[in-house]
Structure formats: structure tokens, C-alpha cells
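Spelled out from the first residue to the last, the chains are:
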Amino acid sequence: MATDSAQTQIHNIGYRNYDGPRLGRAYARRSLFSQSLRGAYGLGRSAKSKVLPMLLFAVMCVPAAIMVAVAVATKANDLPVQYTRYAIFLQAVIGLFIAAQAPQTVSRDLRFKTVPLYFSRPIERLDYVLAKFAAMASALFIITGAPLVVLYIGSLLAKLDFADQTKGFAQGLVSVALLSLLFAGLGLVIAALTPRRGFGVAAVIAVLTVSYGAVSAVQAIAFNQGSPGAVQWLGLFSPITLIDGVQTAFLGASSNFPGGHGPGSGTGAVYLLVVLALIYGSYAVLMRRYRKVGL
Amino acid sequence: MYNPTVARLTYRALLGRRRAAILFVLPALLIVISVAVRSFSGADDQVAADLLGSFALATMVPLIGVIAGTGAIGPEIDDGSIVYLLAKPVKRSTIIFTKLIVAIAVTMAFSAIPTLIAGFILNGNGQQIAIAYTVAALVASIAYAAVFLLLGTVTRHAVVFGLVYALVWESLFGNLVPGARTLSVQQWSLALAQKIGENDVISSDVGLPLAVVLLVGVTVAATWYAGQKLRTLKLAGEE
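Protein chains in written order, with the UniProt record's numbering: chain A, 1 to 295; chain B, 1 to 239.
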């Protein structure tokens with residue numbers, strides 16, 4: 001080889017190295033977060049993919065606007081619905097939102113094998129998981145928090161009691177924040193494990209809605225059979241009843257459980273623990289899932 | 001009209017690997033709940049009718065219909081491999097019809113059989129409740145499979161729209177707006193169940209003749225239109 005070196009030579013043909021600023025890991029993580037959050041509402045994507053999230057967002061907010069209008073018109077002393085109760089009423093819409101958007105947040109990266117491209121940037125597994133998790137939770141928080149803001153502003157316009165409304169509003173925000181984290185975690189885990197189109201959507205809905213349907217059916221039967229003690233423990237088996245239980249125990253909500261038999265603070269602590277464990281568990285599962293970037 | 005090779009491929013796509021898991025989980029859940037309820041409260045006709053009506057017919061059958069109906073054709077259109085099927089000298093209407101038969105068979109197998117078992121567990125077919133709901137599940141399977149197969153050929157977001165119909169339209173609007181119940185596969189199949197069940201334990205908002213006409217009409221129209229869609233199918237890229 002050494003003898004050839006006179007004839008074979010690599011010419012420097014003038015490519016320049018990049019010497020601009022390197023934005024680094026935090027910047028990449030922030031970009032991934034904002035892109036995922038925008039993507040969840042179809043911003044920066046085609047018009048078609050904006051339809052569903054925007055429609056669901058409108059469906060979430062319109063009932064709140066109507067309630068406010070009624071409260072203002074009839075000069076009521078209170079809003080027709082508690083802040084904490086609102087998300088429980090419209091849980092089907094929230095379920096559809098997470099079912100439609102969680103797969104598009106993580107499954108597309110897996111299906112089109114773009115995950116390796118992300119990891120060729122200066123981000124770690126931790127950054128990817130955290131950014132996606134945070135983006136999904138924020139998207140959910142926006143869709144569940146916006147109607148509460150509408151209710152709150154409306155209640156102030158209707159000159160309802162300020163301290164009372166602010167307290168209810170704050171409790172509502174805490175409850176939907178918890179709900180957003182829980183649903184985002186569950187949705188992302190399911191979507192990341194089932195990247196095929198359509199299948200992830202069905203799986204997320206199945207977990208959220210079917211578990212709720214099953215739990216509330218069994219709760220109703222347990223209540224009618226005269227064992228209200230069982231009702232509060234059954235609520236541990238579906239995400240929405242978990243949130244219902246936590247806010248009944250700690251956030252002054254009235255429960256949606258049959259007969260209004262929500263958990264007290266003792267059982268409520270178990271609810272809260274289960275919720276936190278589920279949130280942490282979904283984070284841990286996601287971290288495990290992305291050890292391998294392929295399907 | 002029926003092509004065994006297409007059927008075999010569709011069966012494989014539907015029951016392969018993980019997709020089958022969700023199909024098994026739902027019926028298993030129904031049976032577990034039935035066993036729990038039976039041991040909890042004993043045989044009670046009203047409880048049986050409520051559970052089968054609210055969980056089996058209102059939740060499980062539509063969900064399995066969505067998975068089987070859209071799964072029979074959606075993924076193929078999605079990854080573009082449908083062109084290899086379309087390039088073969090098989091009529092498009094034959095493809096749709098075969099896929100419909102498979103989707104109906106899968107939906108029936110995974111919804112009607114568990115419903116029957118759950119019904120017998122719950123109250124041993126008292127007042128014909130198990131049979132009534134099984135017939136309802138069978139009939140609903142046909143209509144759901146046809147409608148969701150059509151959705152699979154019309155839109156790339158078939159599963160989402162299917163779920164919106166099954167959950168928002170049938171459950172939410174059906175409960176709030178009585179008129180919406182007339183246009184609900186669930187109510188049509190309940191009309192049949194009402195005829196079979198004794199002592200009016202089961203009730204439907206739609207008369208039996210109207211329900212039968214609508215069921216047949218929707219199934220035939222959806223299948224025909226799906227065949228038409230497949231003749232002029234455009235393969236679009238991912239948005």
C-alpha cells in the first residue's frame with residue numbers, strides 16, 4: 001500500500017466542516033416535544049389530519065359553552081356541572097382523542113422506521129420517551145383543560161361566587177392533569193407495542209372503554225345486590241373510574257359510581273397509589289420498549 | 001362469488017399474531033365477568049339481560065366488528081399489497097364478497113359464541129335470554145362487518161370512524177336523542193332479540209319489519225358500494 005501512495009491520493013475538494021452553533025440535546029428534545037404536540041392537533045400536517053382532533057376539541061368545548069350560556073341566561077347560583085365532573089361526562093371523547101392521536105404520535109415513527117433517524121441525533125432514549133410522553137400529556141391537558149377554562153370564565157361572567165369557583169377550577173385542573181398523565185401513559189404504551197395502523201387505535205379504545213364498560217356494569221350489579229363496599233374496590237380496574245375515585249377522595253368531587261358511593265380517603269390513597277404506579281409503570285415500559293428501535 | 005384463496009389469505013391476516021389477541025381478550029373478559037356475576041348474585045334474568053345488552057351487544061360486538069371488518073381489507077390497502085390481489089384475474093366484487101364472508105364469520109365466531117356461553121352461565125337461558133342475544137349478535141355481526149368493510153375501502157381512518165359510530169353514535173347519541181336509535185345496528189338486532197325473548201325483558205325502539213328491511217338494505221348496499229369503491233381504488237401515500 002505504501003508504494004501506491006504516490007499515485008493514489010485523496011484530494012481535498014473543498015467540503016467545509018460545519019462550524020455554526022451546535023444546538024445540542026436540550027434543543028433536540030424541545031423540538032421533538034413541540035413537533036409531537038403540534039402533530040397531535042394536526043398542525044403542520046395535512047388538512048385531513050386536522051379534522052378529527054379539531055372536531056373532538058370542539059365537541060369537548062361546546063357543551064361547556066352551552067352550560068355557561070344557560071347559567072348566565074337563567075342567573076343560576078351555580079354551574080350545572082362540577083369542574084371535576086366534566087371530564088368524566090365526556091370521557092368517550094377523551095378516549096377517542098387519545099386513541100386517534102397516541103398511535104400517530106409513536107406508531108408512525110416505528111412503522112416508517114424513522115426512529116433510528118431520531119437516535120442519530122444527539123438525543124438519548126430518555127429524551128425521546130420523555131418528549132413524546134410530555135407532548136401527549138400536554139395535548140390531553142389542553143383538550144381537557146380548555147372546557148374548564150370556558151366554564152371558569154363563564155362562571156365569573158355570570159358573577160358566581162369567586163372563591164368557590166376558583167377552588168373548584170383548581171381542583172378540576174389537578175384532576176384533568178392527573179387524567180392526562182394517566183391516559184397519555186397508557187395510550188402511548190399500547191400504541192408503541194402495536195404499531196400497525198388501525199390496530200393501535202382499537203387496542204387503546206378497548207383498554208379505556210371496554211374496561212370502563214365492564215367495571216361500571218359490574219359495579220351496578222354489585223350495588224343492586226346490596227354490597228356497596230365492593231363498588232369502591234371494583235373502581236380500581238379501569239382508568240376513568242380510577243380518576244373518579246381519586247378526585248372523589250381528595251378533590252371534593254361527587255362520584256359517578258352507582259349510588260355515589262365513592263372511596264373515602266383511606267381507599268382513595270390506594271387509588272392515588274395505583275394511578276401513580278400506572279403512570280410510572282407506563283414510563284418504564286416505554287423505556288424498555290425503546291431499547292430496541294425496530295418493531 | 002367466493003374465492004377460497006382470498007378467504008385463506010384474509011383469515012390469516014385477521015387471525016395472525018397479535019391481532020388475534022384482542023379478539024380473544026374481549027370474549028374472555030365477557031365470560032369472566034359472567035362467571036363473577038353469577039357467583040356474586042346468582043341467576044337473575046334482569047341482570048343477565050342488562051349485562052348482555054350493555055356489555056356484549058353494545059360494546060363487544062361493535063368492537064369486534066370494527067376489528068374484523070376493517071382488518072379484512074384495511075391493512076392491505078394501507079401497505080399497498082392490495083395491488084397484487086387486484087392484478088389477479090379475480091372480480092373485484094368477488095374479492096369484496098369473500099372478504100365480507102370471512103369478516104362475518106370471524107365476527108360471529110368471536111361475538112355470538114361467547115354471548116351464548118355467557119348467557120347460559122348467567123341464567124341458564126332463562127326466558128330465552130341467551131338465545132335472543134345470540135341471535136341479535138349474529139345478525140348484528142353481518143351488518144357491522146358489511147358497514148366496516150365498506151369503511152375500510154372508503155377511508156384510511158376506518159378504525160377511528162368505525163369507533164366513532166360504535167361508541168359516540170350508538171351509545172352517546174342513542175341515549176340522548178331517541179331518533180338516533182332508529183339508525184342503529186344495535187337497535188335493529190335488538191328488535192329480533194325482543195321477538196325471541198319472553199316477557200319483554202328485552203326492548204327495542206325499532207319495529208321488527210323495519211329492522212329487517214334496514215338490516216338487509218344496509219348490508220347489501222354497503223357490500224355493493226364497497227365493490228364499486230374497489231373498482232376505482234386509488235392508492236394514496238401516507239399524509
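Simulated from the structure, these hints should not be mistaken for lab results.
Heads up, a few of these hints could be off.
[Unchecked claim] In silico DSSO-like links for lysine-lysine, alpha-carbon gap of 30 Å or less: (1) LYS75/A with LYS159/A; (2) LYS88/B with LYS50/A; (3) LYS48/A with LYS234/B; (4) LYS113/A with LYS292/A; (5) LYS234/B with LYS91/B; (6) LYS91/B with LYS50/A; (7) LYS75/A with LYS167/A; (8) LYS88/B with LYS195/B; (9) LYS113/A with LYS234/B; (10) LYS229/B with LYS48/A; (11) LYS91/B with LYS229/B; (12) LYS50/A with LYS113/A; (13) LYS113/A with LYS159/A.
Quick rundown of the hints versus the structure:
| no. | hint | result |
| --- | --- | --- |
| 1 | LYS75/A with LYS159/A | holds, 9 Å |
| 2 | LYS88/B with LYS50/A | violated, 37 Å |
| 3 | LYS48/A with LYS234/B | holds, 16 Å |
| 4 | LYS113/A with LYS292/A | holds, 12 Å |
| 5 | LYS234/B with LYS91/B | holds, 17 Å |
| 6 | LYS91/B with LYS50/A | violated, 36 Å |
| 7 | LYS75/A with LYS167/A | holds, 21 Å |
| 8 | LYS88/B with LYS195/B | violated, 45 Å |
| 9 | LYS113/A with LYS234/B | holds, 24 Å |
| 10 | LYS229/B with LYS48/A | holds, 20 Å |
| 11 | LYS91/B with LYS229/B | holds, 13 Å |
| 12 | LYS50/A with LYS113/A | holds, 23 Å |
| 13 | LYS113/A with LYS159/A | violated, 54 Å |
Figure legend: structure checked against the earlier numbered hints; hints not met, in rising order: 2, 6, 8, 13.
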